[in-house]
Amino acid sequence: MSAQVNQDKRYVMAIDLRRCVGCQTCTAACKNANATPPGVQWRRVLDIETGEFPDVQRTFMPVGCMHCANPPCMHVCPTTATKLRADGLVTIDYDICIGCANCVMACPYDARSIQHIAKYAYGVPMKSEEARFEPERLGVATKCTFCKDRIDLAAKTGQTPGVDPEVTPACVNSCISDAMHFGDIKDPNSNVSKLLAKTEHFRMHEELGTDPSIYYILDGEEA
Amino acid sequence: MNEARILDRTVPRQQQEWDIKGALNFILGGAGSGLLVAAPFAAMLRADPRPFVALGLVLVAGGLFSVWLKIGRPWRAFHVVRRPSTSWMTREALIAPFLFAAGALGVFSGAPLFILVAALLGALYAYAQARILKANIGISAWRRWSCVALIVVTAVVEGVGIVAFASPFWPSLAPLGFLLAALIVARYIAWTNYIADLRRTGAPKGTLQAFDVFAPRFLILGHAAAAVFALIGAIGHYPAALALGGAFAAVGGALFKYTLVCRAAFTQGFSLPRTPARGRGRPGPGLQPGWEPPQAN
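As given, the protein sequences belong to chains A and B, one line each in that order. Counting in this note's numbering, the first sequence runs from 1 upward without gaps. Counting in this note's numbering, the second sequence runs from 1001 upward without gaps.
Derived from the structure by calculation, the hints contain no laboratory data. Don't take every hint at face value.
Facing chain A, a subset of chain B residues (Cβ under 7 Å, in silico) [as the list claims (entries may be wrong)]:
no., residue
1, Arg1009
2, Gln1014
3, Ile1020
4, Val1080
5, Arg1082
6, Thr1090
7, Ala1128
8, Ala1135
9, Gly1138
10, Thr1201
11, Ile1232
12, Arg1280
13, Gly1286
14, Glu1292
15, Gln1295
Backbone N, C-alpha and C fix where the C-beta goes; we use that ideal spot for every residue, glycine too.
For reference, chain A alone in the conformation it holds in the complex (with noise of 0.2 Å):
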C-alpha cells in the first residue's frame, strides 16, 4: 500500500544524534508552541544508556511524527481525518477524528496520543492553560504537526521553512547544539539536502514500509 500524493515538496527533519545532548529543550518548546497537556508530549527526546562500565554512551534521540511518506496512520484511519498534505506533512482533522485509537496502533513510532478528559499540571487549570484550551483535541488524536501553521505562513510570506525561524518548528529553532535541521527534501540547495549529502544517516523502522521523514545522522561532515 502507497500513498497516493503527487508530492512536489517534502519537508524532512535531519537531527545530528553526534550533537543532541538530551537537554529536552526542543521538548519544552514543542510544549510551549503547541499547549499540548500534562501526559502528552509530541516531541521527546529518548536517552539510551549502552555498555558496559567502564566503556559506557549515552545517545539522546529525539522522536516524534515521522510524516511518513506512506503513513500507515492514514491508511486505517476509517474516517479520512489523517490525510498527506502535498508537501508531506501528516495531518489530522480534529473535526473528523472518533478517537477509535486505529492509528496509535498503525504507528511504529508511538507518536500518537488520545486524551480523553481535560488534564491539567496542577489539577486545576491555571489562567495560561485556560486561555489556550482546545476541547476540539480532547477525545481525538494528536500528534507533532510539523508546526503546520508556520510552514502554512512560508507560503503566504514566502520564507523558507527550515532558514527563517518565523516558518520553522519550534523544537528546531530551539536546539541548542544545532542538532536539529529543517527543510524540503526534493529542493536539492535546500540545507537538509546537502547536509544528508554528505551525511551517514538512518530513518527509523525502514523495514517496515512507512518512508519516515525524519532523518537521524550517525557520522559524516559537520554541518
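Once you've looked at the hints, dock chain B against the given chain A.
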C-alpha cells in the same frame, strides 16, 4: 548490562488505548461472525439454525456497542465509513449492516438463502477484523499473515463451539463433534505457525512472555481437552461431552483474543543501527532494546 536502560518509551510497551472494551469487539465480533458461519452446518444436521443466527447477530452487535463505548467521540461514530479504499475498519463497518439485514431476514423468514448469505458475510466480517489488526503495523504481534489466519480460524472454532454447546437441546448435532475436532486441529496448526513466525522474525520480549504464560492453558484446555470432549460427544453420542468440548473451544478462543489485544500487543519501540561517534569516541554496536532477536534458521 549490554541492553539500553529503560527510559521513556525506548522499549516496547503494552498498548494502552484498546482495553477490554476494544478487545470485546474482536472477542464478541469474532464469536458472533463464527456463529453465523456455523449456523448452516447446524441446519445440515437438522437443528434449527435461527437461534444461532440470532445469537450471532447479538454478539456482533455487542462487540460493536462495546467499541462504540470506547471511542473518544461516539456521537461522530458514523464517520467510520469514510475510507473504504484502505481502511479495514471502514470495511468492517460497511459489512455490518448487510450482515444484520441478511441475518435478520434469515431469522424471521427461516429461508436458507438468507442463512447462507449471513454465513458468507460472517466470514467476511471475521476476515475484516483480522485485517484491522494486521494493518496496525505498530504492533508486531498483529502485523503478520499468520495472525490473520489464526484470527479467522479462531472465529470459526468459536462459532462451531457455541453450536456444539447447544447440542443437549439438539442431539442430532452429535456429528458436529468431528467438525469441531478438525477445526481445533486447524487452530492448533495456525497457533503453532503464529508463534513460530513471531520467534523466527523477532518480536518484543513482552509479547513472547505474554504468550508463554497463556500457551499451556490454551493448548491443554482450549485444544486437547476441547478436542477430546468433542470426539467423545461425536463418537459416543454424549451431548454433554460435546457441549463441554464446545465451551472449552469457544472460551479458549475468547481468552486468546483477550491476550492478543490486552496482554501481548506491545509497541515497536525504537532501535539504532549503531550508536553515533561523538567527539573522539568510537561508535558502539546497534541495539533494539526490549526485543527478542530473530531465531537463526
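Hints versus structure:
1. Arg1009: Given a least distance of 5 Å, the restraint on arginine 1009 of chain B holds.
2. Gln1014: 12 Å, violated
3. Ile1020: 14 Å, violated
4. Val1080: Holds, about 4 Å.
5. Arg1082: Hint on arginine 1082 of chain B: holds, closest Cβ of chain A at ~5 Å, below 7 Å.
6. Thr1090: 4 Å, holds
7. Ala1128: Given a least distance of 11 Å, the restraint on alanine 1128 of chain B is violated.
8. Ala1135: Since the shortest Cβ distance to chain A is 5 Å, the answer is holds.
9. Gly1138: 4 Å, holds
10. Thr1201: Violated: closest Cβ of chain A sits about 11 Å from threonine 1201 of chain B, beyond 7 Å.
11. Ile1232: Constraint on isoleucine 1232 of chain B not satisfied, violated at 41 Å.
12. Arg1280: 12 Å, violated
13. Gly1286: Constraint on glycine 1286 of chain B not satisfied, violated at 10 Å.
14. Glu1292: 17 Å, violated
15. Gln1295: Cβ of glutamine 1295 of chain B sits 17 Å from chain A, so the hint is violated.
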